[in-house]
Amino acid sequence: MNPPQGLASFPGIQNLLAATISLGHGISPSVASLTIAPQQNFSGETGTLQLGFAETLLEFPDCRVDYSSFQRNSSGDLCRLSVVDRRWQWRYGQISGTYNVWRDNFSLQSGDDDGADTERTPQQLATLCLEAMNETGFDVSDMPNESRPSVEWDYDLPAEALATLCDELGCRVVLQLDNRVAIRRVSEGAALDTTGALEWGALVNPPERPQAIAVIGGPNRYQVDFKLEAVGLDHVQSQGGETIVPLNELSYAPTSGWSSADLPYFHQIDAKYKNLAQRSVFRYYRIQMPVEIPGYDGPSGSQVSRREQILPIEDEQVDVATENGQTANLPAAVFGVWYRDVDDVTNSSESLAPAPPPGEGDSPAESIYHGPRSLDLARGLVIFEEPVYQNTHSSASGGSGYEVVLGPAELVLRATCRVRDPETLALARHTRTRTLAGASSAPTRYLRHEEIVLTHRPSYSSSYSSVDVASNVDEVDAKADAFLDAAEQEYETRTPETVRYAGLSPIDLDGAIERISYHVGPEGAFTVASRHDEPPRVAVPHKSRRRIERLADFEDVKARTTPRNLARASKVSPQAKLRPRA
Amino acid sequence: MSTPSTPIQALAKIPFKNFHTQSVPPFGVIELVGSEVEDGVTFLKGTRPSTTLRTEYAINGPSRVAAGDKGVCYRQGDLAAAYDTSSPAVGQGWGPRGDQWTLSKGYPAIVTVHGLRNAANKILHGALAPLSRVMGLAASETAPLSSAQPGTQTFALRVWNGTDFIAATPTTTFTGYNVSTEAIAANTLTSFVNVNGLWVAVVSGQSIHELVKTTTTHGAGGIATTNIWTGAPGSEAVTSPLKTLNATNRTSVAIPSGKFCLATKIHGNWYIEPWQC
Chain A
-13 MNPPQGLASF
-3 PGIQNLLAAT
7 ISLGHGISPS
17 VASLTIAPQQ
27 NFSGETGTLQ
37 LGFAETLLEF
47 PDCRVDYSSF
57 QRNSSGDLCR
67 LSVVDRRWQW
77 RYGQISGTYN
87 VWRDNFSLQS
97 GDDDGADTER
107 TPQQLATLCL
117 EAMNETGFDV
127 SDMPNESRPS
137 VEWDYDLPAE
147 ALATLCDELG
157 CRVVLQLDNR
167 VAIRRVSEGA
177 ALDTTGALEW
187 GALVNPPERP
197 QAIAVIGGPN
207 RYQVDFKLEA
217 VGLDHVQSQG
227 GETIVPLNEL
237 SYAPTSGWSS
247 ADLPYFHQID
257 AKYKNLAQRS
267 VFRYYRIQMP
277 VEIPGYDGPS
287 GSQVSRREQI
297 LPIEDEQVDV
307 ATENGQTANL
317 PAAVFGVWYR
327 DVDDVTNSSE
337 SLAPAPPPGE
347 GDSPAESIYH
357 GPRSLDLARG
367 LVIFEEPVYQ
377 NTHSSASGGS
387 GYEVVLGPAE
397 LVLRATCRVR
407 DPETLALARH
417 TRTRTLAGAS
427 SAPTRYLRHE
437 EIVLTHRPSY
447 SSSYSSVDVA
457 SNVDEVDAKA
467 DAFLDAAEQE
477 YETRTPETVR
487 YAGLSPIDLD
497 GAIERISYHV
507 GPEGAFTVAS
517 RHDEPPRVAV
527 PHKSRRRIER
537 LADFEDVKAR
547 TTPRNLARAS
557 KVSPQAKLRP
567 RA
Chain B
11 MSTPSTPIQA
21 LAKIPFKNFH
31 TQSVPPFGVI
41 ELVGSEVEDG
51 VTFLKGTRPS
61 TTLRTEYAIN
71 GPSRVAAGDK
81 GVCYRQGDLA
91 AAYDTSSPAV
101 GQGWGPRGDQ
111 WTLSKGYPAI
121 VTVHGLRNAA
131 NKILHGALAP
141 LSRVMGLAAS
151 ETAPLSSAQP
161 GTQTFALRVW
171 NGTDFIAATP
181 TTTFTGYNVS
191 TEAIAANTLT
201 SFVNVNGLWV
211 AVVSGQSIHE
221 LVKTTTTHGA
231 GGIATTNIWT
241 GAPGSEAVTS
251 PLKTLNATNR
261 TSVAIPSGKF
271 CLATKIHGNW
281 YIEPWQC
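Taken in sequence, the protein lines are chains A and B.
The first sequence lines up with residues -13 to 568 when you count with my numbering.
The second sequence lines up with residues 11 to 287 when you count with my numbering.
Calculated directly from the structure, the hints in this document are not laboratory data.
A virtual CB, placed ideally from N, CA and C, is assigned to each residue, including glycine.
Watch out, some of these pointers could steer you wrong.
[As the list claims (entries may be wrong)] Sample of chain B residues facing chain A (criterion: CB under 10 Å; computed from the structure):
hint, residue
1, K23
2, K27
3, D49
4, G50
5, F53
6, G71
7, P72
8, A76
9, K80
10, V82
11, A92
12, R127
13, N128
14, A130
[Stated by the list, open to error] BS3-like mimics (lysine-lysine), calculated; alpha carbons at most 27 Å apart, straight line:
hint, chain 1, residue 1, chain 2, residue 2
15, B, K55, A, K260
16, B, K23, A, K260
17, B, K275, B, K253
18, A, K258, B, K23
19, B, K223, B, K269
20, A, K258, B, K55
21, B, K23, B, K55
Use the sequences and the hints to build the structure in full.
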């Protein structure tokens, strides 16, 4: 009886002498290297690569010739070429959709209001991708399904979207021998059977663990009731420019003060300063320093003393409201004690008190200023289009008389800021740290996730004497933990092993078995399977491959995001800002 | 009376300078006596209403404006204004009164009352409009138009007390112009309108007949002054204040003193004919 012969075939190849295919994780096609008898004409393009030995036949349908791989002999005849498995088709297609939209209050937009139901589990998202890749019979059941990762696909490549999703969840895309796609968890899978193996090699490769891993969120957001001080523009004599100084320190401030200013003209002011006064007096209000930032814990506790630590501020609050089915941050608000200039001589309120948050209180706060104004976020300024002041006469609060005596309004800007360290100017961010068992003394590895943002929302007492702070730390930590879980898998102790079998052993890739190579040739056939290991001499490791894939995707995105396209996109994007990912 | 709601800040704020020795109180009425330019800015010159009636007034803003200082005032629109006494009622006309900063009831109406804003501090709410019409009375006859020149006379301002047009206190005067072809008899209550800054008498429906009584013998062909009588038939009385006219006796008889006569105006001249001779 003759020993069994290795057989290989591919459409258009007249005499295939030997074939080797190395299968790996991911969305990039695996490559088969074919050695053929010199052949002049070759018209094959796509087809099924078959490898057979004894009773075993492995089929790889829809393989495609990699024309860049042709090698010719000295006669010019074709003698070697490569074909790629059917994953070459995954370079095409598109997927669009926005799922798991996290509102500004960190609740999920899941159809509980007028908005669209955006909630999708990871397995549902993976299914969407795979369907967009024209895959059938796939298996996504291994995917962790608890988190709700936020995605915004806009004519994105479905395979890349799937790979990114898998990266975030500690999973791998696997093309199985039955030609079906499966999503497997990293490091989890079958053991290699060493029975009858030709060779078996194992080594201990302890992971290079840092002492801890940590998720770093985006800069913390603090909602603050910023007290404002009246300021004005003044000339900088030495520079010929303008500067901002408190009202009573203005070089042109009337000796009797501003109480009888003839608003809005300021004709009492020297003509050369009149324009500055008209533009700024009782119109410019600046964040007063120092300021208490509820929830911030810096070197001086919650107190921040320099403006550069909090500027630029944001033009919205952490508080949210629902409008047109969308829950979004409220715009910044200004309120306080100011003269309303209607009906009587009273101010908007008798004393400074926090405006009630939306939905609280019996009626809309009279103290909120609804007149036209703008925010100079970079300088922490509120600039009113009309003079805003308060009546300091006793009649404003029920005293005798009936007149208006001008004074700076007592105003508060309710807005959001980020806080920088007073010495390093580093932004305060939330850190979720997990110490690794058996860790080395290597520093902590930080995983940056800008989309995870810790927010603080204070509730002040009526006289601003005390404050309670609510935060979303529980939600933020839960999201960070999902990333830490995925990252921690990388530091599990593994024993990389490689087993060489005679013949063709139909072994499926999974989360642990990362690579399988089949070789068929005149000398016979053998199978090499690697577990927790990807031999670099054989193939590009999965991590490196993902870098290449992401880079390719980035180049594609870059090409699509020319300034003109970006401008166009910004007009139509339903997601005007980053949303947190799970 | 409800307090109306009006956006005061929507009104045009006119810069003015206080030329009076006192400060202008909040929402006080200001008499405008001209303007001056300072640093390229034109300021209205404002002072306390005087005893000489003018044609332009304004209301101060909510802040007190010291003597010689600059402020803003309103010339037109719905606003708050200070008043003196009594209780403003909707629809009443209130206006400037000599020697005070507050509006007074029945005085030349520049504000039509909409309601009370603050009774304790005597602040009303009303519509400010330019002064366009006043009532006056002259102690002497005002000559008719002569060629194109109107007759003029000093009139004493009359104000409405709810029943009668009475003399303003303090006495306030203005120059009235008569552009009719008829003279305005002395002590005739006359309406005036503001034309080109002049108070022009509105003379209409003048009678061409008057009941008069001679006070002296009126010789045939002579001219004499007679007293005009008025009142219900049978209880006529001499006009009060007294109104007179100069009439010609074109008859051939002398009319004794104390006789009732019919005075008739013909071609602008009064002629009398005796009833009792």
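Right, here's what the structure says about each hint:
| no. | hint | in the structure |
| --- | --- | --- |
| 1 | K23 | holds, 7 Å |
| 2 | K27 | holds, 8 Å |
| 3 | D49 | holds, 4 Å |
| 4 | G50 | holds, 8 Å |
| 5 | F53 | holds, 7 Å |
| 6 | G71 | holds, 8 Å |
| 7 | P72 | holds, 4 Å |
| 8 | A76 | holds, 7 Å |
| 9 | K80 | holds, 5 Å |
| 10 | V82 | holds, 5 Å |
| 11 | A92 | holds, 8 Å |
| 12 | R127 | holds, 7 Å |
| 13 | N128 | holds, 5 Å |
| 14 | A130 | holds, 8 Å |
| 15 | K55(B) <-> K260(A) | holds, 21 Å |
| 16 | K23(B) <-> K260(A) | holds, 17 Å |
| 17 | K275(B) <-> K253(B) | holds, 16 Å |
| 18 | K258(A) <-> K23(B) | holds, 22 Å |
| 19 | K223(B) <-> K269(B) | holds, 5 Å |
| 20 | K258(A) <-> K55(B) | holds, 23 Å |
| 21 | K23(B) <-> K55(B) | holds, 14 Å |
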